[in-house]
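**Student:** Sequence:
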Amino acid sequence: MIKRESIGEYEESNICNECGSKKLSVDHERAELICEKCGLVVDDEFIDTGPEWRAFDSSERESKSRVGAPMTFTIHDKGLSTMIDWRNRDSQGGSISSNKRAKLYRMRKWQKRVRVSNAMERNLAFALSELDRMCSQLKLPQSVREDSAVLYRQAIKENLIRGRSIEGVTASVIYASCRQRDVPRTLDEIAEVARVSRKEIGRTFRFISRELGFKLLPISPKDYIPRFCSELELSEAVEKVAHDLINEAIEKGLVSGRGPTGVAASAIYISALKCGEKRTQREVAKIASVTEVTIRNRYKELANELNIDIPL
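Per the working numbering, the very first residue in the sequence shown carries number 1; after that it's consecutive.
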(Lines of atoms letter the chains of each structure in order from A and count residues from 1; the text may use other names and numbers.)
(Lines give C-alpha, C1' and ligand atoms only; values in the text may rest on other atoms or scores of the structure.)
Protein backbone atom coordinates (compact mmCIF):
# COMPACT_ATOMS: atom_id res chain seq x y z
CA MET A 1 0.00 0.00 0.00
CA ILE A 2 1.35 3.44 -0.95
CA LYS A 3 0.95 6.11 1.66
CA ARG A 4 -0.13 9.43 0.16
CA GLU A 5 -0.22 13.00 1.36
CA SER A 6 -1.45 16.16 -0.33
CA ILE A 7 1.38 18.52 -1.23
CA GLY A 8 0.46 21.78 -2.94
CA GLU A 9 -0.83 21.29 -6.44
CA TYR A 10 -0.95 17.51 -6.70
CA GLU A 11 -1.13 14.40 -4.55
CA GLU A 12 2.29 12.86 -4.16
CA SER A 13 3.27 9.39 -2.97
CA ASN A 14 5.99 9.63 -0.36
CA ILE A 15 6.92 5.95 0.27
CA CYS A 16 8.05 3.32 -2.25
CA ASN A 17 5.93 0.15 -1.96
CA GLU A 18 8.82 -2.00 -3.20
CA CYS A 19 11.69 -1.10 -0.86
CA GLY A 20 10.06 1.34 1.58
CA SER A 21 12.44 4.16 0.68
CA LYS A 22 11.34 7.77 1.09
CA LYS A 23 13.88 9.10 -1.43
CA LEU A 24 11.56 9.75 -4.37
CA SER A 25 12.13 12.15 -7.25
CA VAL A 26 9.80 13.59 -9.88
CA ASP A 27 10.68 13.29 -13.58
CA HIS A 28 8.76 16.25 -15.00
CA GLU A 29 9.42 15.30 -18.64
CA ARG A 30 7.79 11.88 -18.28
CA ALA A 31 5.40 12.88 -15.46
CA GLU A 32 6.64 10.01 -13.28
CA LEU A 33 7.51 9.61 -9.61
CA ILE A 34 10.61 7.39 -9.34
CA CYS A 35 12.25 5.73 -6.34
CA GLU A 36 15.93 6.76 -6.26
CA LYS A 37 16.92 3.57 -4.41
CA CYS A 38 15.38 0.77 -6.50
CA GLY A 39 14.22 2.65 -9.62
CA LEU A 40 10.55 1.70 -9.33
CA VAL A 41 8.05 4.01 -11.01
CA VAL A 42 5.79 4.72 -8.03
CA ASP A 43 3.29 6.93 -9.84
CA ASP A 44 2.80 7.87 -13.50
CA GLU A 45 -0.43 9.86 -13.45
CA PHE A 46 0.63 13.39 -12.62
CA ILE A 47 -1.34 16.33 -13.98
CA ASP A 48 0.79 18.94 -15.72
CA THR A 49 -0.10 22.25 -14.08
CA GLY A 50 2.18 24.32 -16.32
CA PRO A 51 1.12 26.44 -19.32
CA GLU A 52 -0.03 24.81 -22.54
CA TRP A 53 2.29 27.05 -24.60
CA ARG A 54 6.07 27.10 -25.03
CA ALA A 55 8.38 30.10 -24.83
CA PHE A 56 12.05 30.35 -25.74
CA ASP A 57 12.95 33.70 -24.19
CA SER A 58 11.68 36.09 -21.50
CA SER A 59 9.95 38.49 -23.92
CA GLU A 60 8.02 35.66 -25.57
CA ARG A 61 7.07 34.31 -22.16
CA GLU A 62 5.74 37.70 -21.07
CA SER A 63 3.73 38.16 -24.27
CA LYS A 64 2.09 34.73 -23.99
CA SER A 65 1.40 34.82 -20.27
CA ARG A 66 -2.21 35.52 -19.33
CA VAL A 67 -1.79 35.93 -15.58
CA GLY A 68 -0.52 38.71 -13.36
CA ALA A 69 2.14 38.77 -10.71
CA PRO A 70 1.79 36.32 -7.78
CA MET A 71 0.26 37.40 -4.48
CA THR A 72 2.82 38.86 -2.09
CA PHE A 73 2.68 40.14 1.49
CA THR A 74 5.29 42.82 0.72
CA ILE A 75 2.61 45.06 -0.89
CA HIS A 76 -0.07 46.51 1.36
CA ASP A 77 -2.93 45.16 -0.81
CA LYS A 78 -1.01 41.87 -1.42
CA GLY A 79 -0.65 42.78 -5.10
CA LEU A 80 -4.29 41.97 -5.85
CA SER A 81 -5.45 45.42 -6.92
CA THR A 82 -5.31 46.79 -10.47
CA MET A 83 -2.95 49.44 -11.80
CA ILE A 84 -3.47 52.10 -14.47
CA ASP A 85 -0.41 52.40 -16.68
CA TRP A 86 1.36 55.78 -16.55
CA ARG A 87 1.93 55.79 -20.32
CA ASN A 88 -0.72 57.70 -22.31
CA ARG A 89 -1.18 54.99 -24.94
CA ASP A 90 -4.14 52.92 -26.04
CA SER A 91 -4.22 49.11 -26.33
CA GLN A 92 -2.66 49.30 -29.80
CA GLY A 93 0.19 51.53 -28.63
CA GLY A 94 -1.15 54.67 -30.31
CA SER A 95 -1.33 58.09 -28.64
CA ILE A 96 -4.62 59.30 -27.14
CA SER A 97 -6.36 62.65 -27.31
CA SER A 98 -5.91 65.46 -24.78
CA ASN A 99 -9.46 64.96 -23.40
CA LYS A 100 -8.78 61.32 -22.67
CA ARG A 101 -5.42 62.22 -21.12
CA ALA A 102 -7.16 64.46 -18.59
CA LYS A 103 -9.62 61.66 -17.83
CA LEU A 104 -6.79 59.18 -17.38
CA TYR A 105 -5.02 61.57 -15.01
CA ARG A 106 -8.13 61.80 -12.82
CA MET A 107 -8.59 58.04 -12.92
CA ARG A 108 -4.98 57.46 -11.81
CA LYS A 109 -5.41 59.93 -8.96
CA TRP A 110 -8.58 58.26 -7.67
CA GLN A 111 -7.11 54.81 -8.18
CA LYS A 112 -4.20 55.79 -5.92
CA ARG A 113 -6.61 57.14 -3.29
CA VAL A 114 -8.81 54.06 -3.38
CA ARG A 115 -5.86 51.67 -2.93
CA VAL A 116 -4.97 53.39 0.37
CA SER A 117 -8.32 54.22 1.94
CA ASN A 118 -7.70 54.41 5.72
CA ALA A 119 -5.00 55.09 8.32
CA MET A 120 -4.06 51.43 8.77
CA GLU A 121 -3.50 50.94 5.04
CA ARG A 122 -1.44 54.14 4.87
CA ASN A 123 0.68 52.89 7.76
CA LEU A 124 1.10 49.50 6.11
CA ALA A 125 1.93 51.01 2.70
CA PHE A 126 4.66 53.24 4.17
CA ALA A 127 6.05 50.47 6.39
CA LEU A 128 6.27 47.96 3.56
CA SER A 129 7.99 50.47 1.30
CA GLU A 130 10.55 51.04 4.09
CA LEU A 131 10.89 47.29 4.53
CA ASP A 132 11.61 46.87 0.81
CA ARG A 133 14.21 49.65 0.93
CA MET A 134 16.03 48.16 3.93
CA CYS A 135 15.98 44.61 2.54
CA SER A 136 17.34 45.86 -0.79
CA GLN A 137 20.22 47.67 0.90
CA LEU A 138 20.96 44.60 3.05
CA LYS A 139 20.71 42.32 -0.03
CA LEU A 140 18.25 39.98 1.65
CA PRO A 141 16.42 37.20 -0.23
CA GLN A 142 12.71 37.30 -1.08
CA SER A 143 11.88 34.74 1.62
CA VAL A 144 13.14 37.11 4.35
CA ARG A 145 11.12 39.98 2.86
CA GLU A 146 7.93 37.91 2.86
CA ASP A 147 8.48 36.74 6.45
CA SER A 148 9.20 40.31 7.58
CA ALA A 149 5.98 41.57 5.95
CA VAL A 150 3.95 38.80 7.63
CA LEU A 151 5.45 39.65 11.04
CA TYR A 152 4.67 43.34 10.56
CA ARG A 153 1.06 42.53 9.65
CA GLN A 154 0.80 40.40 12.80
CA ALA A 155 2.17 43.29 14.87
CA ILE A 156 -0.48 45.62 13.41
CA LYS A 157 -3.22 43.06 14.09
CA GLU A 158 -2.12 42.77 17.74
CA ASN A 159 -1.93 46.59 18.03
CA LEU A 160 1.80 46.54 18.84
CA ILE A 161 2.69 49.51 16.63
CA ARG A 162 1.07 52.22 18.75
CA GLY A 163 3.66 54.44 20.42
CA ARG A 164 6.57 53.08 18.38
CA SER A 165 8.23 54.34 15.24
CA ILE A 166 7.44 52.59 11.97
CA GLU A 167 11.16 52.38 11.13
CA GLY A 168 11.96 50.77 14.49
CA VAL A 169 9.26 48.11 14.17
CA THR A 170 10.16 47.43 10.53
CA ALA A 171 13.85 47.02 11.38
CA SER A 172 13.04 44.70 14.29
CA VAL A 173 10.87 42.35 12.17
CA ILE A 174 13.62 42.23 9.54
CA TYR A 175 16.11 41.25 12.25
CA ALA A 176 13.72 38.55 13.52
CA SER A 177 13.15 37.17 10.01
CA CYS A 178 16.89 37.06 9.34
CA ARG A 179 17.40 34.97 12.46
CA GLN A 180 14.48 32.68 11.63
CA ARG A 181 15.82 32.08 8.11
CA ASP A 182 19.48 31.70 9.21
CA VAL A 183 20.50 34.74 7.17
CA PRO A 184 22.62 36.47 9.82
CA ARG A 185 22.66 40.24 9.98
CA THR A 186 23.85 42.12 13.04
CA LEU A 187 21.88 44.88 14.75
CA ASP A 188 24.60 47.32 13.71
CA GLU A 189 24.17 46.40 10.02
CA ILE A 190 20.41 46.85 10.22
CA ALA A 191 20.75 50.11 12.17
CA GLU A 192 22.92 51.55 9.37
CA VAL A 193 20.02 51.38 6.90
CA ALA A 194 17.10 51.79 9.32
CA ARG A 195 17.47 55.47 10.36
CA VAL A 196 16.97 54.43 14.00
CA SER A 197 19.45 53.49 16.70
CA ARG A 198 20.66 50.00 17.50
CA LYS A 199 19.23 50.34 21.00
CA GLU A 200 15.72 51.10 19.73
CA ILE A 201 15.78 48.16 17.30
CA GLY A 202 16.87 45.78 20.06
CA ARG A 203 14.23 47.07 22.48
CA THR A 204 11.45 46.83 19.89
CA PHE A 205 12.60 43.36 18.82
CA ARG A 206 12.43 42.06 22.40
CA PHE A 207 8.97 43.56 22.88
CA ILE A 208 7.52 42.15 19.64
CA SER A 209 9.07 38.70 20.12
CA ARG A 210 7.60 38.56 23.63
CA GLU A 211 4.14 39.70 22.55
CA LEU A 212 3.95 37.49 19.44
CA GLY A 213 5.41 34.53 21.32
CA PHE A 214 8.12 33.41 18.92
CA LYS A 215 11.38 32.06 20.30
CA LEU A 216 14.69 32.26 18.46
CA LEU A 217 17.83 30.26 19.10
CA PRO A 218 21.05 32.17 19.86
CA ILE A 219 23.09 33.10 16.81
CA SER A 220 25.99 30.75 16.13
CA PRO A 221 29.34 32.13 14.92
CA LYS A 222 29.19 29.49 12.14
CA ASP A 223 26.31 31.40 10.53
CA TYR A 224 28.59 34.33 9.73
CA ILE A 225 31.53 32.38 8.28
CA PRO A 226 30.30 31.92 4.66
CA ARG A 227 29.45 35.61 4.22
CA PHE A 228 32.65 36.89 5.85
CA CYS A 229 34.82 34.49 3.82
CA SER A 230 33.05 35.52 0.62
CA GLU A 231 33.59 39.22 1.29
CA LEU A 232 37.24 38.56 2.14
CA GLU A 233 37.62 36.47 -1.05
CA LEU A 234 38.87 33.43 0.85
CA SER A 235 38.75 29.86 -0.43
CA GLU A 236 36.49 27.00 0.65
CA ALA A 237 39.46 25.43 2.47
CA VAL A 238 39.65 28.44 4.81
CA GLU A 239 35.89 28.27 5.36
CA LYS A 240 36.09 24.57 6.27
CA VAL A 241 38.97 25.08 8.71
CA ALA A 242 37.07 27.97 10.35
CA HIS A 243 33.98 25.76 10.74
CA ASP A 244 36.09 23.04 12.39
CA LEU A 245 37.68 25.57 14.75
CA ILE A 246 34.32 26.88 15.90
CA ASN A 247 32.96 23.35 16.38
CA GLU A 248 35.91 22.59 18.68
CA ALA A 249 35.38 25.89 20.50
CA ILE A 250 31.69 25.11 21.02
CA GLU A 251 32.53 21.67 22.44
CA LYS A 252 34.91 23.24 24.96
CA GLY A 253 32.50 26.04 25.90
CA LEU A 254 34.65 28.87 24.55
CA VAL A 255 31.82 30.54 22.60
CA SER A 256 29.29 31.21 25.36
CA GLY A 257 29.35 34.80 26.55
CA ARG A 258 31.27 35.95 23.49
CA GLY A 259 29.95 37.97 20.56
CA PRO A 260 29.34 35.62 17.60
CA THR A 261 30.80 38.04 15.06
CA GLY A 262 34.03 38.39 17.06
CA VAL A 263 34.43 34.62 17.40
CA ALA A 264 33.70 34.08 13.69
CA ALA A 265 36.17 36.82 12.69
CA SER A 266 38.96 35.38 14.86
CA ALA A 267 38.35 31.85 13.55
CA ILE A 268 38.57 33.14 9.98
CA TYR A 269 41.76 35.07 10.79
CA ILE A 270 43.41 31.92 12.21
CA SER A 271 42.18 29.74 9.33
CA ALA A 272 43.47 32.17 6.72
CA LEU A 273 46.92 32.13 8.31
CA LYS A 274 46.95 28.31 8.50
CA CYS A 275 45.92 27.98 4.84
CA GLY A 276 48.42 30.52 3.59
CA GLU A 277 45.79 33.11 2.60
CA LYS A 278 46.79 35.80 5.06
CA ARG A 279 44.44 38.68 5.81
CA THR A 280 45.27 41.50 8.21
CA GLN A 281 43.34 41.98 11.42
CA ARG A 282 42.14 45.34 10.10
CA GLU A 283 40.66 43.74 6.96
CA VAL A 284 38.83 41.05 8.94
CA ALA A 285 37.65 43.55 11.57
CA LYS A 286 36.20 45.84 8.91
CA ILE A 287 34.18 43.03 7.29
CA ALA A 288 32.92 41.69 10.65
CA SER A 289 32.17 45.17 12.10
CA VAL A 290 34.27 44.50 15.20
CA THR A 291 37.46 46.07 16.53
CA GLU A 292 40.96 44.74 15.99
CA VAL A 293 41.32 44.40 19.77
CA THR A 294 38.35 42.00 19.81
CA ILE A 295 39.96 39.83 17.13
CA ARG A 296 43.30 39.77 18.96
CA ASN A 297 41.64 38.76 22.24
CA ARG A 298 39.48 36.05 20.68
CA TYR A 299 42.16 34.50 18.49
CA LYS A 300 44.58 34.32 21.47
CA GLU A 301 41.88 32.55 23.50
CA LEU A 302 41.21 30.06 20.71
CA ALA A 303 44.91 29.49 20.04
CA ASN A 304 45.69 28.86 23.73
CA GLU A 305 42.67 26.69 24.54
CA LEU A 306 42.77 24.62 21.33
CA ASN A 307 46.59 24.37 21.19
CA ILE A 308 46.83 25.94 17.74
CA ASP A 309 50.21 26.95 16.32
CA ILE A 310 49.60 30.12 14.34
CA PRO A 311 52.15 30.74 11.57
CA LEU A 312 53.16 34.40 11.33
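Honestly, I wouldn't trust all of these hints.
As the list claims (entries may be wrong) - For lysine-lysine, the following BS3-like pairs were computed, each having C-alpha atoms within a straight-line distance of at most 27 Å:
1) K157 / K199
2) K252 / K274
3) K139 / K199
4) K300 / K252
5) K222 / K157
6) K37 / K78
7) K199 / K222
8) K199 / K240
Unchecked claim - Restraint ranges, calculated between C-beta atoms of paired labels, are given here:
9) T82 / A31: 32 to 40 Å
10) E277 / R113: 20 to 28 Å
11) T72 / N307: 51 to 59 Å
12) K286 / R206: 43 to 51 Å
13) N297 / E277: 20 to 28 Å
14) D85 / R206: 42 to 50 Å
15) D27 / E301: 36 to 44 Å
16) K23 / K112: 28 to 36 Å
Keep in mind the hints are simulated off the structure, nothing from the lab.
It should be emphasised that the depicted structure is a prediction, and the values quoted were computed from it without experimental measurement.
Note that beta-carbon positions come from the ideal geometry of N, C-alpha and C, so glycine has one too.
**Student:** Hint by hint, note whether the structure agrees.
**Tutor:** Hint check results:
1. K157 / K199: 25 Å, holds
2. K252 / K274: 21 Å, holds
3. K139 / K199: 23 Å, holds
4. K300 / K252: 15 Å, holds
5. K222 / K157: 35 Å, violated
6. K37 / K78: Answer violated: K37 to K78 is near 42 Å, above 27 Å.
7. K199 / K222: OK: K199 and K222 at ~25 Å, within 27 Å.
8. K199 / K240: It is violated: about 34 Å lies between the C-alpha atoms, which goes past 27 Å.
9. T82 / A31: 32 to 40 Å: 36 Å, holds
10. E277 / R113: 20 to 28 Å: Given a distance of about 58 Å, which is not inside 20 to 28 Å, the answer is violated.
11. T72 / N307: 51 to 59 Å: Since the Cβ atoms of T72 and N307 sit about 52 Å apart, the hinted range of 51 to 59 Å holds.
12. K286 / R206: 43 to 51 Å: 29 Å, violated
13. N297 / E277: 20 to 28 Å: 22 Å, holds
14. D85 / R206: 42 to 50 Å: Distance hint for D85, R206 holds at roughly 45 Å.
15. D27 / E301: 36 to 44 Å: 53 Å, violated
16. K23 / K112: 28 to 36 Å: Given about 52 Å between the Cβ atoms, the range is violated.
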